[in-house]
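Protein chains: 2
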Amino acid sequence: MHPTIGDACFVPIDLYRLASLLTFFTIRLPGNPHMPSDQSPLPQGFRTSGLHCGIKSDPDTLDLALFVSDRPCAAAGVFTQNRVCGAPVKVSRERVPRATCRAVIINSGNANACTGAQGLKDARWMTDEIAAGLGCSADDVLVCSTGVIGHPLPREALAGGLPAAVDRLAATPDAFTDAARGMMTTDTIVKQSVRQADFDGTTVTISGAAKGAAMIAPNMATMLAVIMADAPLSPDEADRMLRHAIDRSFNCISVDGHMSTSDTVILLAGGTADSGPLGVGNQQQLQTMIDEVAIDLAQAIIRDAEGAAHFITIDVHGLRSAEQASRIARAVADSPLVKTAIAGADPNWGRIVSAVGYADVDLQEEEISLAINGTTIYRAGSPLVYDERAVSDQMRTDRDVHIDIEIAQDGFAAVRFWTSDLTAEYVRLNAEYTT
Amino acid sequence: MHPTIGDACFVPIDLYRLASLLTFFTIRLPGNPHMPSDQSPLPQGFRTSGLHCGIKSDPDTLDLALFVSDRPCAAAGVFTQNRVCGAPVKVSRERVPRATCRAVIINSGNANACTGAQGLKDARWMTDEIAAGLGCSADDVLVCSTGVIGHPLPREALAGGLPAAVDRLAATPDAFTDAARGMMTTDTIVKQSVRQADFDGTTVTISGAAKGAAMIAPNMATMLAVIMADAPLSPDEADRMLRHAIDRSFNCISVDGHMSTSDTVILLAGGTADSGPLGVGNQQQLQTMIDEVAIDLAQAIIRDAEGAAHFITIDVHGLRSAEQASRIARAVADSPLVKTAIAGADPNWGRIVSAVGYADVDLQEEEISLAINGTTIYRAGSPLVYDERAVSDQMRTDRDVHIDIEIAQDGFAAVRFWTSDLTAEYVRLNAEYTT
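As given, the protein sequences belong to chains W and H, one line each in that order.
The first sequence begins at 1 in the numbering used here and counts up one residue at a time.
The second sequence begins at 1001 in the numbering used here and counts up one residue at a time.
Hints in this document: simulated from the structure, not taken from any laboratory.
It is possible that part of the hints are untrue.
To be verified - Covered by chain H, per the in silico footprint, the following chain W stretches (three or more residues, Cβ under 8 Å):
no.: 1; stretch: 345 to 359
no.: 2; stretch: 363 to 375
no.: 3; stretch: 380 to 390
no.: 4; stretch: 420 to 429
From the three backbone atoms N, C-alpha and C, an ideal C-beta is built for every residue, glycine too.
Just need the whole structure built from these sequences, with the hints factored in.
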């Protein structure tokens, strides 16, 4: 099993390549290339906040995040497919897609999962409190939780934190970063992404924040993301665009193949006062922007994967079915033998080719070719003579590894997948006694 | 994907429990409870040999193994499902099931995989050489290879070794142990198992040898086993009995979920001069003996898993479908988070329960109960209060861990699965530069 979020089908469009051909006027912030520096990083009509309310013991670590649309907006959500899922997933899943969403409230430090009937009450209570502060219906508030599982939610900490989160809402860079921090558990880097473009004279902004760094300590971590857009979408359009983006981003990453009980990605999309419906060309451009933000955030999760020393990009092409290409990419990405070989800077084509062979895709050995970092080392079923030492040295010094797998079946399906290597540090982090 | 060998369907009979109720007069050898000490450990009419012929550089390490039936016997084989498979798999797969098999020749140190047309020629040549020595048809000889892939088979070493292997054939304990050693790559323990029983006044012996210790260095290891029986079976009966045994043994183990290109299990069954056809009761007892030998060998592979500190038994019961129970057992066994938690002596029920949840089996959270080493720590979807420290201390001192998962769906399907934990030592062994 793989950590697939939601059940959207995969459409074989090579959008990440299309995306690189488009230009947006993205404002860059030092250290975070897609973050605006001197203006609000949020779409018009959105405000956020983040703070420490006491779920975590360290007072300097934020544990609450709030994302608000000042007007009712379209909301779509895609959730974990795990049969064991947290109470917030059950509550939020019932409320999307919807046309009148106002907020997403997220706490970290406690996943509110495996907490029974009380957990459901607690998750609904969180949305009641935010709704009271915003003056809206509780059904218009979505909720996510991440952290330890099996422990009741600490209501006393949240009772003070939830009104404070409403009070501190702002549209500043700091308020956005605080919200991104409030979601974090074992993450070591803040994960944000912004894209802007001109749509017929109106600036459209897509801003997203995410958390996730493998499913590790304290009991399990998880992957959460909120993406906001100041573009007029119906709930169905928002749902379709979110699934399109997830299929090219969060469903193309794997750290350890372990699907969390709490994975959630939410898209909030609201039109501004002067915005009319989007034309077809603008819808396409908006989709590309949402895809790019989702890919940025997904890549940031892999770059932050605990204990990882390499960021691995896997391209699979030449098949007629993107679903089959995806299956091969996942088999390679989830193989502990491939991941440990890359940790050891070993261009071990035997492990990669054998993972291709067991991916349950109908293919012949002679159809497989493989390149690592641009050097073809296996072609049409046979190993080539190549400079092993040079490829290894490059893997030892460069954090990024590119694995290109061609299956010569004259197809045009192409899938790009991202994963991390498997190091002794990953084992150390996950073997520490945490319960 | 999982390292399933062959495509036999799973029959939901709880045979390993039945087996424990039967008694065989097994002769025990110090250090190896199922090895006879003062008589031939081989079935009547079988001889074996093992030697160093020069494929491996260390002259003290054996690299060739031969298993011979003095008369034509029934042979069945089950092979890797990997689409990328070694030349010996292609050659042997065409030759079973058959009624007139004479031998299995195995070399270690070179897998003869990804070696193209020359590899096929080399694999057939190995069987030609053995057939010449035994005076039989090459089609009556099966072949297996394990070791590095992508390198041509060293014919010069084998040219001397193959006749020598025929010359040294014997029915002694040493000859059997040499054959088991000749198959080994990164194995640290010799893997043999013997069962004997009285069938209407005739002693029937089942003897098996295996190699495997995770798919690790130098390029990939693999799992091979040869099981011999002095009981009259037709090729179809041998095939059915072998698949039955594999479904309860080699298909119930996982070290790292990476399916090899060379996995092979072969059963040779020949009647002795005075044996008639087996009655139904004797067939059932024979099946149980073959299952037990296969389970012994499969468990030995897990106990020898490189870098492993814990031997983990996973029981799943309460479902109506053994296939679903097996899917849950595999999801838990293959989760790096479960395996690292056990390495750290952490009874982390959250990771186990969430792996149950993503196994793609239709179930409710409230149907799941979990016990570790006899202590129930999660019942009907809720965590229990239990002595965490005591369970952890036990996991720290005892190499064996038992995970019992009940899915309360009033079914009688039961599956037992074995795996190892995931340690920093596994990563170290597999991250060493080996190509």
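Residues of the stretch 380 to 390 of chain W with Cβ under 8 Å from chain H, three needed, outcome: holds (count 4)
Outcome, coverage hint (the stretch 420 to 429 of chain W, chain H; C-beta under 8 Å; three residues): With 6 residues in contact (Cβ-Cβ under 8 Å with chain H), the coverage given for the stretch 420 to 429 of chain W holds.
Can you tell me if the stretch 345 to 359 of chain W counts as covered by chain H, using C-beta to C-beta distances under 8 Å and a minimum of three residues? Holds: 14 residues of the stretch 345 to 359 of chain W have a Cβ under 8 Å from chain H.
How does the coverage statement for the stretch 363 to 375 of chain W fare against chain H, requiring three or more residues with Cβ below 8 Å from a Cβ of that chain? With 4 residues closer than 8 Å to chain H, the stretch 363 to 375 of chain W meets the three-residue bar; holds.
The structure fails none of the hints (numbered hints given earlier).
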